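Asker: Heads up, the sequence shown is in numbering that gives the first Met the number 0, so the first residue is 0 and it goes up one at a time.
Take these hints with a grain of salt, some might be off.
Calculated lysine to any residue pairs in the SDA-like style (CA-CA distance at most 25 Å, straight line) [what the hints assert, rightly or not]: (1) Lys72 to Lys40; (2) Lys40 to Tyr106; (3) Lys40 to Ser55; (4) Lys24 to Cys71; (5) Lys24 to Cys90.
Don't read these hints as lab results, they were simulated from the structure. Quick caveat, the model's predicted, so the values are computed rather than measured.
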Amino acid sequence: MKNGKPIPRDQVPPGRSLCEFCTAKCCRYFALPIDPPNSPKEIDHIRWYLLHEDVSIFTEEDNWYLVVHRQCKHLTQDNRCGIYPQRPQICRDYSTDNCEYEDSATYDRYFETAEQFMEYVEALRGMRRGPVRTPQPPLLPVLETPA
0 MKNGKPIPRD
10 QVPPGRSLCE
20 FCTAKCCRYF
30 ALPIDPPNSP
40 KEIDHIRWYL
50 LHEDVSIFTE
60 EDNWYLVVHR
70 QCKHLTQDNR
80 CGIYPQRPQI
90 CRDYSTDNCE
100 YEDSATYDRY
110 FETAEQFMEY
120 VEALRGMRRG
130 PVRTPQPPLL
140 PVLETPA
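Please construct the entire structure, taking both the sequences and the accompanying hints into account.
Answerer: Given below as structure tokens:
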């Protein structure tokens, strides 16, 4: 690290692993694809996910993901794998070619709470159904007073 930041990817010395300079972001969460919320049941599922701690939802290019923000129990204090020779196949298949080393990821949508997600759903419903406000009621008739 240089000035509290990882060195740029293209400045990693030859023969050294990018992981030697990383904060192990890939070992501190995992994301699973989920169905987009196209029905009341799917909306309720996402709301339920977000009612749990250490969970968020994001989208990229119309793909929806459930994120579980929990680090691997085998991540060591120096941000290395404590079971490297016996690590799961998904870890073996993971490549640093497109990893989040420089942490410049942005998302199309990102929800951390059920309330945020429901505001989004309500905004979409309002856009699809027209204005959110109810129409103004007709005026009451003017009563004439007896003479």
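Asker: To test your reading of the hints: which numbers does this structure violate?
Answerer: Number 1 only.
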